[in-house]
Amino acid sequence: MQSKAHTFTANARAALADEPLQAALARFQGGFPVKRRAAIDRLPEFDALRDAGKAIKDATLANLDIYLEQFEAKVIAAGGHVHWCEDADAARQTVIDLCREAGAKTITKAKSMIGEEIAINEALAAAGFTPIETDLGEYIIQLRDEAPSHIIVPAVHLSKEQVAESFRAHHRDLPAERPLSEPQAMLDEARAILRQAFLTADVGITGANMLIAETGSTVLVTNEGNADLTQTLPRMQIVIASIEKVVPTLEDAATVLRLLARSATGQELSVYTTFTTGPKRGDDLDGPAAFHVILLDNGRSRMLGGPFAEMLRCIRCGACLNHCPVYSAVGGHAYGWVYPGPMGSVLTPNLIGLAGTSDLPNASTLCGRCEEVCPMRIPLPRMLRQLRQDAFASGGGPKPMRAGLAAWAFVAGRPWLYRLATGLGVRILGLLGRRHGRFRRLPGASGWTAVRDLPAPAGRTFQALWTERNGARR
Amino acid sequence: MPCASDTCRHRPLIQPGVQVILNRMHDEQLTVGLFVTCLVDLMRPSVGFAAVKLLENAGCRVVVPAQQTCCGQPAFNSGASVEAKTVARQVIEAFRDVDYVVAPSGSCAGMIKTHYPELFADEPARAAAVAALAAKTYELTSFLVDVLRQKPAAGTYPVAATYHDSCSGLRELGVKAQPRYLLSKLEGLSLTEIPSAETCCGFGGLFCVKYTDISAKMVDAKVDDIAASGAKLVLGGDMGCLMNIAGRLQRRGLAVEVRHVAEVLAGSADDAPAIGESDVRP
Ligand code: SF4
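In order, the protein sequences belong to chains A and B.
Every letter in the first sequence is one number past the one before it in my numbering, and letter 281, counting from 1, is 281.
Every letter in the second sequence is one number past the one before it in my numbering, and letter 6, counting from 1, is 6.
Treat the hints loosely; a few may be bogus.
What the hints assert, rightly or not - List of simulated lysine to any residue pairs, SDA-like, C-alpha gap at most 25 angstroms:
no. : chain 1 : residue 1 : chain 2 : residue 2
1   : A       : K399      : B       : L206
2   : A       : K399      : B       : A216
3   : B       : K232      : A       : R435
4   : A       : K399      : B       : V209
5   : B       : K53       : B       : D279
6   : B       : K210      : A       : P400
7   : B       : K210      : A       : I352
8   : B       : K176      : A       : R50
9   : B       : K53       : A       : G423
10  : B       : K210      : A       : S328
11  : A       : K54       : B       : A121
12  : B       : K210      : A       : G353
13  : B       : K176      : A       : Q29
14  : B       : K176      : A       : D41
15  : B       : K53       : A       : G459
Said to hold, decoys possible - Which residues of chain A face chain B? A few of them, derived with a C-beta cut under 10 angstroms, are:
no. : residue
16  : P361
17  : E371
18  : A406
19  : Y418
20  : W448
21  : T461
Calculated directly from the structure, the hints in this document are not laboratory data.
Where is the CB? At the ideal position from N, CA and C, for every residue including glycine.
Just chain A, with the same shape it has in the complex:
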């Protein structure tokens, strides 16, 4: 997917003016955060669980090579294959080669953010295959040719009317006058179509929430069960997962799962949690004949050992998005690439570079709510600030801001000059603003006064008044 992060400001402005989107965002806000809170209140040891989850991930990341190779050995022992792919190109090519090898036509897909990251659907379509998303939200946005706007609820930006519209536009062989005002009707319609896809698919592609080193298993959580049908019915299953998804043991996976659903949707556990190990064995009733895992790096190994290593603890729960006031205001598409919200603002510049993405770390008030709710205790604000530093150090940022900051530092670093300048400034503004107490407009302050009044200063600085008062005291 081509990044549109460089036009963040314009994207955001459009999003703010998009009424259906704003209505969808408003509906969304009352949902997950409230449910998460309730789920956590029911689990007094949640914070201890967070510490445990963080410790598991930190220990794994410190020896990532060992766990990945252990995972690989177990997959091979179970009869599967592992492909190490350095970047998106390599991953796409491997998937396409495998699909060709399987003689595939139709390919079902379960929701996968890695799939989005490597734009696998576009690549498959270009190579002549028919990929079909089977998660309802993903199916909807695939029809609409849109990117997901949230990492766990990809179609959260849409209203049910918009979905009905898309169904009518694409499901042409169904009666045009059929009622579609109820979500259940749309769900039934999508199910009927997807059922057919499940039965005809030659290859199933899924992501993975975790990879378990000690067993070679992949773990998938869904609420729709579509991933299970995607992985068991076709002849070949391909799992695409990034390298930081590995955890050492089943026990570790259980700890992470307890954090994941609660943080994501406020559920104790997702409706479906599926552990998959290798292809179909001799006496199995179902399962794919061939089982492949793509291990994608795509910039992650570069993050290890650096200031952004902690980002690799992320379990993609989406809590930081759900609680982010900026995400809540503009939605996911404004961020311009695959990963939105605070986690995206850290991850995107790391994966595709700071050039063209430097708005992302800047478009945050650093309010800290993301770190507060992150089950993996990822210091997102610190990393956003670090990215600002990196951008600033390499000459980024608007010129007037850079000049302004330099001038400010020059003055603020000289208290006598600072007193002189500010004393004069507040006197003038104090006089000008005295009658109304505030300004509706002020040259040079339009960033503020475009949307809010600016209080007028009192006319004297505290320091000046304090010196006066203490002089009088003496």
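Put chain B with the ligand on the given structure of chain A with help from the hints.
Chain B with the ligand alone, transformed into the frame defined by chain A:
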């Protein structure tokens, strides 16, 4: 000068309330350096004087080092660490000799307490001075309650109010209960909590002028909640947020006053009109 003894009162205290015990053992007054903050200095000196009054009433000697300007946060949050350090070094010097540093702002206190150690992480020679400063720096209401164990303010202030928790104060310093406790005995003052009390108001320093539209959307959510609560006064502990909220309330023509909590606690709210209001009779 800070001394090495374990029980010396000049040792910065982490444990709440220990200062009270030490105060009883000594006669000498505590010296508190007021970190005025640039917004209070420039925009609203009445908050600074209210803070002085609260600290003096609590038995402290207040000094205001003239070498201070700003804490450096605008530069720090813009990624300009060199510029931030220039200003931060001044703060470290200016407050070296006081027992405590108190700021009427969670944001500036948070900058000194949690971010100076990050900012100077690459200067081990300065580590001790930075750590000492961080340890003795407090947000005003937190200092009054956690360190000095002050009782709620007495007096009368009849108004329906609500409280905005500023992000740095709340999440970096744990300021939440302290201002509410200090306000709890003011006669006539009723405090209604709004659902978004802990949600960012959209100020965010330079964020509010760089991303004006997003900031407006955020402050609107806050202002909607305030209007729905029926409160006639918004209180908070950070001038940045308060100016943002007041400015938006006024732009939308809503008759709700906004004040820094220190003014109400010090009983000096009559000394200055509410934020963005005028005392000039037309
Ligand atoms: S950064 Fe934390 S809160 Fe955000 S998606 Fe990742 S794990 Fe969840």
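Results for each hint:
1. A/K399 <-> B/L206: 15 angstroms, holds
2. A/K399 <-> B/A216: 24 angstroms, holds
3. B/K232 <-> A/R435: 22 angstroms, holds
4. A/K399 <-> B/V209: Judged against 25 angstroms, a Cα distance of about 15 angstroms means the pair holds.
5. B/K53 <-> B/D279: Holds - the C-alpha atoms of B/D279 and B/K53 are around 22 angstroms apart, at most 25 angstroms.
6. B/K210 <-> A/P400: 11 angstroms, holds
7. B/K210 <-> A/I352: Distance ~24 angstroms between B/K210 and A/I352 Cα, so the pair holds.
8. B/K176 <-> A/R50: The given pair, whose Cα atoms are some 23 angstroms apart, holds under the 25 angstroms limit.
9. B/K53 <-> A/G423: Holds, at roughly 23 angstroms.
10. B/K210 <-> A/S328: Holds, at roughly 18 angstroms.
11. A/K54 <-> B/A121: With Cα atoms ~24 angstroms apart, A/K54 and B/A121 stay inside 25 angstroms; holds.
12. B/K210 <-> A/G353: 22 angstroms, holds
13. B/K176 <-> A/Q29: 23 angstroms, holds
14. B/K176 <-> A/D41: 19 angstroms, holds
15. B/K53 <-> A/G459: 21 angstroms, holds
16. P361: With Cβ-Cβ at 8 angstroms, under 10 angstroms, it holds.
17. E371: Holds, about 8 angstroms.
18. A406: Because about 7 angstroms separates A/A406 from the closest Cβ in chain B, which is inside the 10 angstroms limit, the hint holds.
19. Y418: At 5 angstroms from the nearest chain B Cβ, A/Y418 passes the 10 angstroms test, so the hint holds.
20. W448: It holds, given that the least Cβ distance between A/W448 and chain B is near 5 angstroms, below 10 angstroms.
21. T461: Since chain B brings a Cβ to about 5 angstroms from A/T461, closer than 10 angstroms, the hint holds.
Checked against the numbered hints given earlier, this structure breaks none of them.
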